[in-house]
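Colleague: Take 46 as the starting number for the sequence shown in this note's numbering and just add one per residue.
Keep in mind the hints are simulated off the structure, nothing from the lab.
Built from N, CA and C at the ideal position, the CB exists for glycine as well.
Please note that a few of the clues may not be correct.
[To be verified] Using C-beta positions, here's what the derived DEER-type ranges look like:
1) ASN267 / CYS475: 49 to 57 angstroms
2) SER310 / THR463: 40 to 48 angstroms
3) ILE249 / LYS287: 17 to 25 angstroms
4) SER445 / THR343: 37 to 45 angstroms
5) ARG339 / ASN267: 41 to 49 angstroms
6) SER434 / VAL233: 53 to 61 angstroms
7) LYS334 / ASN267: 17 to 25 angstroms
8) SER434 / ARG266: 19 to 27 angstroms
9) LEU439 / VAL268: 34 to 42 angstroms
10) ASN286 / MET474: 32 to 40 angstroms
11) GLU442 / THR343: 25 to 33 angstroms
12) ALA438 / ARG261: 56 to 64 angstroms
13) ARG395 / VAL351: 15 to 23 angstroms
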Amino acid sequence: MDDDKVIQKLHTLPTEIIEHILSYIEGRFLMFLLGYEQLEPHVLRAMCNHKVMTIGYRSDPTPWLQIRLDETMDDDYISTSAIDCELAVKHSIFPKEITLFETQMEGIVNDRWIDRAATIAYRGWASERDVFVDDPEAHNQFSFLAVKFRDKVRQFNILRKHRETLTEIRFQHSERFTWLISLQAFPVLKSLRLASANQNIFNILPPSLETLYVIRFAINRNVTAEDRSAAQLKELYVFINKNVQKLGQYVARMTNLKKLEIESSTLVSVQDLQLPLSMRLLVFCKCVKLKNYRCLSTLPRLRHLVVAGSDFPLELFEDENKLPLLTYFKYYQQLYRFRNRFCRRLDMLRVPINMQELVLCGNCNIVDWVLPPRLRVLSLYNIDFANPSFKLALPKELISFGLFGCRIKTLDNVQFPTGLQELYIMHNMCLASVAGTNIEQLENLWLTSIAGNQFDSYRKLVLKLPRTAPKGSCKKFLAAIVRGHKTWLYL
46 MDDDKVIQKL HTLPTEIIEH ILSYIEGRFL MFLLGYEQLE PHVLRAMCNH KVMTIGYRSD
106 PTPWLQIRLD ETMDDDYIST SAIDCELAVK HSIFPKEITL FETQMEGIVN DRWIDRAATI
166 AYRGWASERD VFVDDPEAHN QFSFLAVKFR DKVRQFNILR KHRETLTEIR FQHSERFTWL
226 ISLQAFPVLK SLRLASANQN IFNILPPSLE TLYVIRFAIN RNVTAEDRSA AQLKELYVFI
286 NKNVQKLGQY VARMTNLKKL EIESSTLVSV QDLQLPLSMR LLVFCKCVKL KNYRCLSTLP
346 RLRHLVVAGS DFPLELFEDE NKLPLLTYFK YYQQLYRFRN RFCRRLDMLR VPINMQELVL
406 CGNCNIVDWV LPPRLRVLSL YNIDFANPSF KLALPKELIS FGLFGCRIKT LDNVQFPTGL
466 QELYIMHNMC LASVAGTNIE QLENLWLTSI AGNQFDSYRK LVLKLPRTAP KGSCKKFLAA
526 IVRGHKTWLY L
């Protein structure tokens, strides 16, 4: 089916069917394949409702709407090279849960579009041309405000006006912002994002604050944390390169902390953070020197763990009974750092017994892994397999399985779980054969993506796939993407 027929077929579907399909298929692929300028407004609106749309050339879906106008669009649209909002305004296309409507002002020649966008969006937005911020008719109440301009006096006036209703504030340029405002004056403030701050920020936070995000955090090595410092915080995102041990003194006093995301080039041991027992989600990003994870096994409530740009936490995979509540683990290693290095062997790993979703991406060599019986999602990116054929025993409860860019030669005779619903086999350049599998007998399989592999029987395989859908869906459909060129919709 060529692209024009796909577009025609898509436009004839009811909105609820489109929303059902787009809730499982990433909108950006549909955009690239079909051309977003050819889609009808109700199709775009359905994508917005499920927050899977990306209009433009961004690589990942975003929770807010960003639109890049293309030069090939009709004359009814103003064609620019900047991210613009006129297409959204024309069709009143906005996500249901918009958190930020942001645009580059170079592409806007008429402020009436900004005023209209601010009226439609039910949360606040501010920029250097905040023509609507001081207009009481534009918004009755702000619950969210993103401050981008550097004028500190204007910041103060806007914040003071809406301090009783603001629950979230983001400062793009926050150097010494506390000279003009007092955070204690915001009684319902829940989330605060700063471009930069030091340890003094912990002493001036309002009691209602639950989430703190600091892009550049500096801390004095001679400082001593106070007993009441930020004890009410539940989520902390911090980027710090010096005196990480001092940060641990403040983290230890955050007895309600549930989520911590840290980026640090000097962090060596997790023990330096003095994590409280309330931790449920941990993200280590670009902690290139981090090697010691052993103290994580003492956190009884830890459920989610993400390690990106650090060594693999082997200590946590020595015994499947460690971290009994851990249900999600993602390991990501920047491939450019290991382009000329030997692939690391991961032998005889024991995944925690209650793990439900496992994502591995990096320079790893899998040898004799034992997967937990309750695993439901398994995604492997750029993995070397010790055996030329796939020898992992897949759990019976697995519903989603993906191989992306892995070095494996054959999937012959692999028996997938009968309850498998999603199957991805993409860009495995060495994969030459998938003979003898039970893919054709998988009655619950409804979504598959097969692209960029070496084996040449992909068309025959796709045409034999069962055309079923999940229970409760209003119509049966199967979306199969083959080599990124064609899309089939069976309805």
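Colleague: Please go over all the hints and tell whether each is borne out by the structure.
Modeller: Against the structure, the hints:
1. ASN267 / CYS475: 49 to 57 angstroms: holds (56 angstroms)
2. SER310 / THR463: 40 to 48 angstroms: At 47 angstroms between Cβs, range holds.
3. ILE249 / LYS287: 17 to 25 angstroms: holds (22 angstroms)
4. SER445 / THR343: 37 to 45 angstroms: violated (31 angstroms)
5. ARG339 / ASN267: 41 to 49 angstroms: The hint (41 to 49 angstroms, Cβ to Cβ) is violated, given that ARG339 and ASN267 are roughly 29 angstroms apart.
6. SER434 / VAL233: 53 to 61 angstroms: For VAL233 against SER434, whose Cβ atoms are near 59 angstroms apart, the range 53 to 61 angstroms holds.
7. LYS334 / ASN267: 17 to 25 angstroms: holds (23 angstroms)
8. SER434 / ARG266: 19 to 27 angstroms: Violated, at about 54 angstroms.
9. LEU439 / VAL268: 34 to 42 angstroms: violated (51 angstroms)
10. ASN286 / MET474: 32 to 40 angstroms: holds (38 angstroms)
11. GLU442 / THR343: 25 to 33 angstroms: holds (29 angstroms)
12. ALA438 / ARG261: 56 to 64 angstroms: violated (46 angstroms)
13. ARG395 / VAL351: 15 to 23 angstroms: Cβ of ARG395 to Cβ of VAL351: about 20 angstroms, so the range 15 to 23 angstroms holds.
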